[in-house]
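Colleague: Protein chains in written order, with my numbering: chain A, 1 to 715; chain B, 1001 to 1387; chain C, 2001 to 2419.
None of these hints come from the bench; they were simulated from the model.
Positions of the beta carbon are idealized from the N, C-alpha and C atoms, including for glycine.
Heads up, a few of these hints could be off.
Unchecked claim - Not everything, but these chain C residues come out facing chain A in the computed CB check (under 7 Å):
| hint | residue |
| --- | --- |
| 1 | E2025 |
| 2 | I2065 |
| 3 | V2072 |
| 4 | Y2078 |
| 5 | F2079 |
| 6 | L2081 |
| 7 | M2147 |
| 8 | P2368 |
| 9 | A2369 |
| 10 | K2396 |
| 11 | A2401 |
| 12 | Q2405 |
| 13 | D2406 |
| 14 | I2415 |
| 15 | V2419 |
To be verified - 27 Å max Cα-Cα, derived DSSO-like pairs, lysine-lysine:
| hint | chain 1 | residue 1 | chain 2 | residue 2 |
| --- | --- | --- | --- | --- |
| 16 | B | K1215 | C | K2343 |
| 17 | A | K310 | C | K2306 |
| 18 | A | K123 | A | K161 |
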Amino acid sequence: MDKKLGVYICSGCDIGDSVDVDKLLTVAKEEQKIPICIKHANLCNAEGVELIKKDIKEQGVNSVIVAACSPRVHFDTFSFDPSSIYVERVNLREHVAWSHVPKEEDTQMLAEDYIRMGITKAKKANPPKPYIETINKTLLVIGGGISGMTSAMEATKAGYKVILVEKAPVLGGWMRRWYKQLPQRPPYKELQDVDIENTINEVKKHPDIKLFTSAEIENISGQPGMFDVSIKQDGKTVVERAGSIVVSTGWKPYDAGKVEGLGFGTYPNVVNNVIMEDIAVQGKGKIKRPSDNKDVKSVVFVQCVGSRDKNHLPYCSSVCCLASLKQASYVRSSNPDAKVYIVYKDMRTPGQYENFYKDKQTDDGIFLTKGDVSGITENADKSLTVNVKNTLIGEDINIKADMVILATGMVPATDSSILNLQYRQGKELPMLKYGFPDSNFICFPYETQRTAIYAAGCVRQPAESKTCKDDATGAALKAIQAVELESIGSAVHPRAGDLSYPIFFMQKCTSCKRCTEECPFGAIDEDEKGSPKPNPNRCRRCGVCMGACPERIVSFENYSVDIVSSMLKSIEVPGEEEEKLRILAFACENDAYPAFDIAGINRTMFNPNIRIIPVRCLGSVNIVWIADALSKGIDGIMLIGCKFGEDYQCHFIKGSELANRRMENLKEVLQRLVLEPERVKVMELAISDYDKIPTIMNDFMAKVNELGPNPYKSF
Amino acid sequence: MANNIIETDSDLIKDITKLGGGSLKKCFQCATCSVVCNLSSDDRPFPRKEMIWAQWGLKDKLLSDPDVWRCYQCGDCSVYCPRGAKPAEVMGAIRNYSFKNYAFPKFMGKALSSPKYLPLLFAVPVILFFLVLQYMGALSSVPTGSIAFTRFDNYVDVIFVLLSVLVLLAMAKGVLEFWKNMDQNNTHGTAYGSAGIYNSILLAVQEVLTHKNFKKCDANNIRYTGHLGIFYGFIALFIVTAIVFIGDRVFHMSLPMGQVNPVKILANLGAFALIVGCSIAFYNRLGRKDKAGESYYYDWLFLSVLFLIGATGLLTEIIRLSGYAAAAYWSYFIHLTFVFFLIGYFPYSKFAHLIYRFVAIIYSKYAGMSEPAEDSVSERIEEKSVA
Amino acid sequence: MAITNDNKSVCIIGGGISGMTTAIEAAEVGYEVYLIEKAPSLGGRVVQMNQYFPKLCPPQCGVEINYKRIRVNPKIRYFTLAEVEKVSGTPGNYDVTIRLNPRYVNDKCTACNKCVEVCPVERPSDYNYDMDKTKAIYLAHEMAFPMKYVIDDKVCLKEQCAKCVSACKYDAIELSMKPKTFNINVGSVVLATGWSPYNATKIDNLKYGIYKNVIRNVEMERLAAPNGPTKGKILRPSDKKEIKSIAFVQCAGSRDENHLAYCSSICCLASMKQATYVRSQYPDADVYIFYIDIRATGRFEDFYVKVQADNKISFIKGKVAKITEDAVTKSLTVVAEDILSGKKIYKTVDMVVLATGMVPNGIKASMPADIVYDEFGFVVPDLQSPGIYAAGCTKKPSDVASCIQDATGTALKAIQIFV
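Generate coordinates for the entire structure from the input sequences, incorporating the hints supplied.
Modeller: Encoded structure:
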């Protein structure tokens, strides 16, 4: 594409008062040789925008450099046909005029460097052309319990086809075993019949749902929009094509036998809450104890068996309090004289379910106390004595019961192979914690490390059926969205709308496998020879592969090793004698870059010797950039990104962590070159840390000052 | 660890429900009640623990708990209760349950707990007094001459003296059992017994006479005023009765007394205080339900009897002074019937709270249980920090 | 994006985290959406938070990504200072009447701040729950989206003053701006009107509004936030002094029939989170959390365990029902029964935070079908007419992740009408 650049510099919003705009024009025009260079007092007004449009139309400008405010504002204003016009925004307002002392030499030099960097980038970057393949928009749903069936039904209602694979011979999962279900609607007091048979029939009959029961996934190959799914059923394997996947394999009850002193598996009348449902179903509501089939007169529920216990399940299983209250009313309706004791740690009935708790409380035959069950012993008549400590009654107590129900927790059903993905990085969804393949993001609960594969229901987090249904609906939406975005060649979250994708220049590849190992999303497989085999539809466009590649073979149309290298090389580095240090900062564009903007909006002054280059993710920072910067004479380099480690905040999972690791490895190299490793520093900066920016900058500046100028400066 | 199996008595829950504590199961043990209660002490706050004991049907704990009797049912706790569990009413119901439980003979406890036995209970004095009249021959003709109730009293006094002895014996049995239960089921702290029994009684008398804890009620302080009227009205009338009895029997003083006689003045003042006190109580229970809470049979029966004693007493006096002999005698008859009711059924009616509460206060002094705070919380904090 | 679904649009009422999510998620499938927000900026309650539990990460991080998703997606049209007056029609074909309240600042605003410098009038900052002031012309906050100033017409002197008009170089201020009403035609409507903090003055024994150092959890968020009234330093309101001790009062209003009978679900975790704010600023401060039940469901339990491990944070089972103030020092004494010991506990602290609950905002606009509410004012989800749905805290009190999860599902419900 023939590049025709136009530079438009705004002097409004204090820019004109802060820097000499005419000198900036000179830089663009004379130094950078840009034919069209225009200054305007208020570029974002209709007249200013018209000016640019006119040049596009009449002068054939196809690369527009807007040197004005931050790209975070006036996005629409300066957005022209995105398929043919490349727009580069140079942030002279927030990052220069609003955050530095006006009319100073250093401020002027900063603005000039940003103009140079912007022009350099615009010279090399192009509007991306999307990667588009023929996309199959069918959803694969794995697991036919309440969550899976909900995902399937809700997706069909939006016009999508579904393949539903269930391991068991029948649909319905655990819900099918329940005697009654929790109240689903106001006033949230009465138990309701389990109405899952209707849903099962609906699913079975649905023309858009291809159902496989007694079936398992043998393997899944390919990429979003074009997954080839081998389904094994009755010893036969069929291959189906699907676009995206919802994993809703549910949960298993925790093995209460592992919790000592409760006699599960030893005493016949100690059961778990799942068996209790079976007892209720078998007796058609009559609760009889297993040892002798006699009506129960007294029952103890022991809460948090396994759950909230660091030796077993450290998390709370969320539903057991409600389940025990529900089962307590089974016992009470089975025998109006029966006594039910519930021993809990905390009664957890959030939201409107407080009503259910309140209602069950008022039952004369239900006795509740906080307490710790210290042991259960069996008596000669097979009844049980439950020892309870730390009660609300003011003393330790012993309760005699015909039967004890252990409120055992939920374990996500992720222990066996489910997906069998033919991905280089592993066959299953990566786990977050305790076997839950959940999102690490509060803001984005459907964040996933395997593009277009979403977990829903109890496999993701312990929940009652109402929440599972809501969750399954959400997951179905995300699965639908993924195929729709893939179909137009767009990235999915968090870069939805981004049409660029990484292009591999394979001739130079050395098969070092760094990209295949480091991609946070398992997007790159390997061929027989060990060379990378990218799957653009799995890609999230973070650029981690680009940062990983020592041969610089990975690039995007508008973001590459060369583009950034050229940008940083365009910085004017003063000679040693001038005693002006230059610091380069690679800033994560999601958090760090906006933090600098906010500092500007708050008119927070920070050091003017720093040049900021926004990066898609710190993980995309290639070591070459560091080398280039140091050989250019830059005195110090900061990599400013998101928090890493546990509770990481990097939206590409491990970008900032990888950057940190790469920089650790770099230290040795620097030492060999007689360069102090302290010149390169990785820093965590959250978007809300804008008030800390001056200090962080000054501290690093002071450190570099201490080290003295880059010895390579004069070369 | 207690080795005993916990006994949860479902009947107790039913009883307490019937006796006015129907909301007890709603409690979820947040202890708002114990904190807003101005009478609750720091070391043994109530009524949170009583609520769970009641929910669990822990009879022994409730029957031996002095704190049940340190509650004056101000209603602060019910106003602030987040669950609508009305601890004040539950505490009242627990006290009612206690009269019934400590009653001797047991059937009397039952008889006083339900309106269906009411005719029978009234029938006893009425028949007894008719028999007296029959014996006196006063049924056929109204005695002539100046109206003098002493004619009747000569016989009735015998009944009342006998009745009082029986009642005292029955009461003593209940009280001793109560004391024993309290003593057995409460942990003895270091201060146990240090006050000495006589001193404890003295302190309790002082507390009862001054109503000093009752006065701390916030939400329902009108109760305090009403109770004060009833309490002192009753004491005045009790003293008058005693003077008259002794005066009549020992000193053969001339009766009726003149209106300027100090004893008579005390009697009239007492009756007046009783009626006003009762009226306030009626007003409170009927017109301020939101603050006072629901009232139940025990409450109404006791309050009505008290009021009627005051009212019939005063009425009798007025009729006597007006000189309508027949009416005066019949009025006196009715008056005495209520008096009989009050005294004769004393251990089994709400009236017994006087004794149980008094004994519970004595016990708590004797056992060295901590007192509710005298002053505001912040002052208490300062004291503590100074210490 | 290139997918077209002609005339298939969704109207989302409420531009908080739930509404934004429903709008963005539906738009990223390819549907047109209208996002209607009453306030001058999108973001709702979450932008008033300092951190999210359990990660203790700033809400602005996710909000920024959502703002970006809105910016780059032409399918999303948003209106701020806009209120829905009426919805009429039938599923698949709703007519929504929207009233656009005047901002008095037009699109020419560059957010240069010159107007604020000259404005002589102040108003209490609703963003900071009235704990400080802004000028009559103001920016909602540093990240306001859209980044446009707004005039509070309740305090602005208008033409009498007009200093801002002459200070503005860009002709952005129009004091004569009038409300405008317009209609849009959509296929489905989503209610995401969110919640308000409970009016704690109604809880008379906890003395909010009477004792200065008794604050609500929402105010604590502002005190701890770097863009709050104290620039992120937790100082007690009475004398702006540092604190040495603090008490959190759980269920202040929630689980209380006299106030909000339901559990607000989030307050336990919110208080634990705020306890970490205090502990990170004051390494010697003592924190007391008074609770009935600690409700940290699912993996939130990890956070509870982590906070419990801090030996300067004490958890006391027992509800605070009495608070007194020292007239001189303005310190507060909270009283509760420590239920597990059966004794009353008195703690004198510098500041008290009431964990007040969520009150659903509901919908005031006239709707074509009866919206069914439960006894607490939350919209009952499965009883709405097809085509009208609710998302987030409009349905039940929820944490942010649950709201977003729900709002994502609601996006699917909302687009099903177009099949």
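Colleague: Should the hint that I2065 (chain C) touches chain A count as held when the rule is a Cβ pair under 7 Å?
Modeller: holds (5 Å)
Colleague: With a cut-off of 7 Å, does the beta carbon of I2415 (chain C) approach a beta carbon of chain A closely enough for the hint to hold?
Modeller: For I2415 (chain C), the interface hint holds, since the closest Cβ of chain A sits about 6 Å away, which is under 7 Å.
Colleague: Does the closest beta carbon of chain A sit nearer than 7 Å to the beta carbon of K2396 (chain C)?
Modeller: holds (5 Å)
Colleague: Taking the least C-beta to C-beta distance, is V2419 (chain C) closer than 7 Å to chain A?
Modeller: Holds, because the Cβ-Cβ distance from V2419 (chain C) to chain A comes to roughly 4 Å (cut-off 7 Å).
Colleague: Let's test the interface hint: is any C-beta of chain A closer than 7 Å to that of Y2078 (chain C)?
Modeller: violated (12 Å)
Colleague: Hinted pair, alpha-carbon criterion (27 Å max): K1215 (chain B), K2343 (chain C). Please report holds or violated.
Modeller: Satisfied, since the Cα-Cα distance of roughly 23 Å is no more than 27 Å.
Colleague: Checking hints one by one. Is D2406 (chain C) an interface residue toward chain A, by the C-beta closer than 7 Å rule?
Modeller: holds (5 Å)
Colleague: Holds or violated: is there a CB of chain A closer than 7 Å to the CB of A2369 (chain C)?
Modeller: violated (17 Å)
Colleague: Does the CB of E2025 (chain C) sit less than 7 Å away from some CB of chain A?
Modeller: holds (6 Å)
Colleague: Hint validation: M2147 (chain C) versus chain A, beta carbon distance must be below 7 Å. Holds or violated?
Modeller: Nearest chain A Cβ about 5 Å off; hint holds.
Colleague: Quick check on the hint: Q2405 (chain C) CB to chain A CB, less than 7 Å?
Modeller: Since the shortest Cβ distance to chain A is 5 Å, the answer is holds.
Colleague: Holds or violated: is there a CB of chain A closer than 7 Å to the CB of P2368 (chain C)?
Modeller: Status violated, d = 21 Å.
Violated hints for the displayed structure, listed by number in ascending order: 4, 5, 6, 8, 9 and 18.
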